[in-house]
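Novice: Listed below, chain by chain, are the residues.
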Amino acid sequence: MKYQSRVIFGSGIIFSLIIGWFFFPMVLFKSESQPLQYNHKIHTGEQAGISCEDCHVIDTDGRFHGIPTVAKCAECHSSQLGTSENEKILVEQYVLPNLEIPWRIYSLQPDNAYFSHVTHVRLGQLKCEECHGTHGSSEQLRIFQVNRISGYSRDIWNASFSGMQNKSREGMKMDDCIQCHEQRGRKDGCIACHK
Amino acid sequence: MPKTITRRDVLKFVGGSVLGTFLTPIPWKLLDDTAIWTQNWSLTPPLSHGPISNKFSVCTLCPAGCAVKARCVAGMPYMLSGVAHHPLSQGILCPRGLAGHHLSFHPYRLTVPHKFFGKDENSRLSAIVYDKTSKEISKHIIENKGSVVLLDRQPGRIISSIYDQFIKNIPNGRYVTFNPPEESTLLTLQKITDTSTPLGYDFEYTKMILSFGTPLLDGWGTPGRLMKIFREKKENGIKLIQVEHRQSRTALQADTWIPVQPGREGLFALTLANILISEKLVPQNIIRSINNFQAYKIFIEQFAPELTCEKTGIAAGVARKIALELIQSTPSIACSGSDPGGGPFDEQTEQIIAELNLLLGNVGRTGGIVAKRDVPGYKNPSASHTNWKEIPDHSVQVLIIDSADSGYAFPWDIIEQKLIPTNNVVISLSPFLNEIAAHADYIIPSAVYYETQQDIIPSSSSSVASFSVSFPLNPKRKNTIDNIDFIKNISKELGIPASTATFEELLKEKVSAIYSSRRGLIFTFSDGQSKRTTEIQSADDLWKTFTEGATWVDDPIPQHTLVKFSLNTNYSHKAFDVGQAESLILVPYGWRGTVTTSQISPIMSKVFQESELRSFAGTVSINPMTASKLNLQESDTAFLKTEKGEMNVRIKIDNAVRPGLIEAAVGPNLNGVDAKDELQSTTVLDLCKVQNNGTWKITKATLSKAYV
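Same order as they appear, the protein sequences are chains A and B.
Counting from 1, position 1 in the first sequence corresponds to residue 1 in my numbering; the numbering is continuous, with no gaps.
Position in the second sequence (from 1) plus 1000 gives the number in my numbering.
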């Protein structure tokens, strides 16, 4: 009898764990596809030989251009370079009408956080991969997941959902910024990021 | 035999589920995401995302002409900063200038025409259709039986000449200006010496500044210019003597603070004049220039320091020391420039201070008060226009008030005393529902700062003429009406001629005049370099340079000392009586731009409130002795009463305040969302008595503990 009670109680715990760890993320995050697929590997590999900074430009005055505009794509893709569906979408829907591609940005920080790429890349000597992992050599873009409550990308909180990092680059929340700064002996006040 | 599920089993399962939930991310993630969600409420303006770019413009919050570099995302400015090496602002922007781009989103912003229905406390503000409004306004102008006045508080701009032309075509129409308080000494000197030549302060080469309440180090003039001069004081040897009744920020930073009794600044200046003459410190060449020296010498004897020290509160020895320093540290400048909240000095005090400059030989010499030229294509605005003070009381029936806001307090009483008591019509062109607009019948909102082109002729204090154009950073709102278009519409309704030129065409005319003059230097914002105007190939090229961010600065001109002048001998001791010693005196004060609601970002006023960097509106500071006498303590709520009204205030006890004075902060305000209620509540300015001479520096008051 006592054993049976424990089983029922334990079933309740297991039920919650399944709901919490399996179904809750499915409900919390909305999946959105990118407007077209992009192959970083082709562009950065031997075939095209482009470096990260060729497209994700940091100006001489320190401005980071983020995701390149369609004008940058048009430098090479003013007309179709191949027969793939993505190439057709790029040229017909964006390059020719000169419309910006509404990319879903995995690492977009909230408006109240100021992040300077030039400070981290030039002064901090961080490599792109230390924050963005193998994204620069990926063959296709992942499904973009957005938090239904906060509106932020899942990548900001942590893709693994447990909040526990497997790799240093996982998670881009304030705690992660603080941890990284502490590791490097940086002591910054609130105003360094929240200007 | 299968066991039936009992109520107890369900409860155990639920209990296990609840416990299990805490081992999942559900509660923690929901808590976290809800916290993040609260940062994204609808009141928070969303930022655009897009390419980052830099744009250049010029701040138009005041006539200082500070250059602005705007960092923009998707074309929208999100951060403003100064432009390094700019000849006027020296790379510096004041705090309200740094947040100037917020003002497009100010909670008091109006983007469609409005009308107040009714003139009592139950008046109702409603949005109205513009076409109908311009017809109504025109009808009021046609039916007017008094006079039609257009009040311009920032004369000298292109729009000012358009106003002038417009009002000349209206029967009983008058274009009226309100002299910028920063120029008071200069304008008074122009009047005394009967010259129309514009004057400026040559601070860069002066050795001593005797400032009568001028907030030189607290946002006055072009703040970057003065900051640079005083930052380099070890090299340039400049000294500052601040004559002021309160320990302002300028007084704190000055070399010497002379804590004169309020209202006796003019008497102290006369005391200095007495010492200069009686101790034979005035140079002979100056004495020879004074037409009525013998009469003045006899007249000034009554202002010996021993006779005035009781009233001024300044010991005779201190006054003598200051007079001696003034003579030893030439060239010097004596300037007045009233507190932005406390209002201007009366004309008599202004004249005494201006005459002190004549006695010291400061006028027409390098390092003193220098003559300068007008900007090509412009005419010195102060020379010919009617001043607001000259308008007879209760004579104005229709009043149009331009949108320019000098950042100085402007009590409604000043306007009200000129209006016909009944059936008057006030039209405000302000883009904000600010203190003045809240009293208007019609509000025709113009475009706000950084939404439209504007010419800037910083005339207030600079030693040479300069010119800049402010280009838009934010898109213009759909239903706002540019002042030039308002004038064109009304002219059309009234059937009077109006220029068909666009504002840009008029701006280009001015730029063309500068090009043709071949004078001065052009400073370009993007590279921080200056070149001669003669190096520019054409007027079109010069215009293009301005569109990319530039300032034109004139060359200095040779200075000539004044040939002959007369000094006033009609001042009397009686004029400096400010009241009985036993009564409390209310003296308002403020910081430029924060004394009106429409010049300061609501975000910044929150910072003020939380940091106490500046005392908030409704805070009064009193001496501990005064507090003890009135049984008041720090942070008490007290009841401030004058003959004009009463209000609750928060007490701040400060040793630096003179016993018997109530120093009241006019701003900054809270700038909450409920604009109408806030604007209709009583403010310190409402309690101040505006004198016939247009001043409100001193008002008798009572203060008592409020039991709430």
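Simulated from the structure, these hints should not be mistaken for lab results.
None of the values given here were measured: they were computed from a predicted structure.
Please note: incorrect hints may appear among the correct ones.
To be verified - Subject to a maximum C-alpha distance of 20 Å in a straight line, what follows is the list of computed DMTMM-like cross-link-like pairs (lysine to aspartate or glutamate):
| hint | chain 1 | residue 1 | chain 2 | residue 2 |
| --- | --- | --- | --- | --- |
| 1 | B | Lys1145 | B | Asp1482 |
| 2 | B | Lys1145 | B | Glu1505 |
| 3 | A | Lys173 | B | Asp1032 |
| 4 | B | Lys1029 | A | Glu100 |
| 5 | B | Lys1029 | A | Glu75 |
| 6 | A | Lys2 | B | Asp1009 |
| 7 | A | Lys173 | B | Asp1033 |
| 8 | B | Lys1135 | B | Asp1482 |
| 9 | A | Lys2 | A | Glu46 |
| 10 | B | Lys1379 | B | Asp1194 |
| 11 | B | Lys1029 | A | Glu129 |
| 12 | A | Lys30 | B | Asp1033 |
| 13 | B | Lys1055 | A | Asp61 |
| 14 | B | Lys1689 | B | Glu1505 |
| 15 | B | Lys1700 | B | Glu1646 |
| 16 | A | Lys30 | B | Asp1032 |
| 17 | B | Lys1233 | B | Glu1325 |
| 18 | B | Lys1574 | B | Asp1393 |
| 19 | B | Lys1132 | B | Asp1482 |
| 20 | A | Lys41 | A | Glu87 |
| 21 | B | Lys1321 | B | Glu1347 |
| 22 | A | Lys88 | A | Glu170 |
| 23 | A | Lys41 | A | Glu129 |
| 24 | B | Lys1191 | B | Asp1413 |
| 25 | B | Lys1476 | B | Glu1509 |
| 26 | B | Lys1115 | B | Asp1482 |
| 27 | B | Lys1055 | A | Asp59 |
| 28 | B | Lys1689 | B | Glu1643 |
| 29 | A | Lys72 | A | Glu32 |
| 30 | B | Lys1321 | B | Glu1390 |
Novice: All the hints need checking, so say for each whether the structure fits it.
Specialist: Here is what the structure says about each hint:
1. Lys1145/B <-> Asp1482/B: violated, 28 Å
2. Lys1145/B <-> Glu1505/B: violated, 36 Å
3. Lys173/A <-> Asp1032/B: The given pair, whose Cα atoms are some 11 Å apart, holds under the 20 Å limit.
4. Lys1029/B <-> Glu100/A: violated, 34 Å
5. Lys1029/B <-> Glu75/A: violated, 43 Å
6. Lys2/A <-> Asp1009/B: The given pair, whose Cα atoms are some 12 Å apart, holds under the 20 Å limit.
7. Lys173/A <-> Asp1033/B: Answer holds: lysine 173/A to aspartate 1033/B is near 12 Å, not above 20 Å.
8. Lys1135/B <-> Asp1482/B: holds, 17 Å
9. Lys2/A <-> Glu46/A: Distance ~67 Å between lysine 2/A and glutamate 46/A Cα, so the pair is violated.
10. Lys1379/B <-> Asp1194/B: Cα-Cα ~16 Å, so holds.
11. Lys1029/B <-> Glu129/A: violated, 27 Å
12. Lys30/A <-> Asp1033/B: This hinted pair holds, its Cα atoms lying about 14 Å apart.
13. Lys1055/B <-> Asp61/A: holds, 13 Å
14. Lys1689/B <-> Glu1505/B: It is violated: about 45 Å lies between the C-alpha atoms, which goes past 20 Å.
15. Lys1700/B <-> Glu1646/B: Distance ~12 Å between lysine 1700/B and glutamate 1646/B Cα, so the pair holds.
16. Lys30/A <-> Asp1032/B: holds, 17 Å
17. Lys1233/B <-> Glu1325/B: Holds. Lysine 1233/B to glutamate 1325/B sits at ~17 Å (cutoff 20 Å).
18. Lys1574/B <-> Asp1393/B: violated, 25 Å
19. Lys1132/B <-> Asp1482/B: Given pair lysine 1132/B, aspartate 1482/B holds - Cα atoms ~17 Å apart, limit 20 Å.
20. Lys41/A <-> Glu87/A: Holds, because 15 Å separates the two Cα atoms, which is no more than 20 Å.
21. Lys1321/B <-> Glu1347/B: violated, 27 Å
22. Lys88/A <-> Glu170/A: Answer violated: lysine 88/A to glutamate 170/A is near 34 Å, above 20 Å.
23. Lys41/A <-> Glu129/A: It holds: about 14 Å lies between the C-alpha atoms, which stays within 20 Å.
24. Lys1191/B <-> Asp1413/B: The hint is violated at about 27 Å.
25. Lys1476/B <-> Glu1509/B: Outside the cut-off at roughly 23 Å; violated.
26. Lys1115/B <-> Asp1482/B: holds, 18 Å
27. Lys1055/B <-> Asp59/A: Distance of about 15 Å is within 20 Å: holds.
28. Lys1689/B <-> Glu1643/B: Roughly 8 Å between the alpha carbons, so the hint for lysine 1689/B and glutamate 1643/B holds.
29. Lys72/A <-> Glu32/A: Between lysine 72/A and glutamate 32/A the Cα gap is close to 24 Å, so the pair fails against 20 Å, i.e. violated.
30. Lys1321/B <-> Glu1390/B: This hinted pair is violated, its Cα atoms lying about 39 Å apart.
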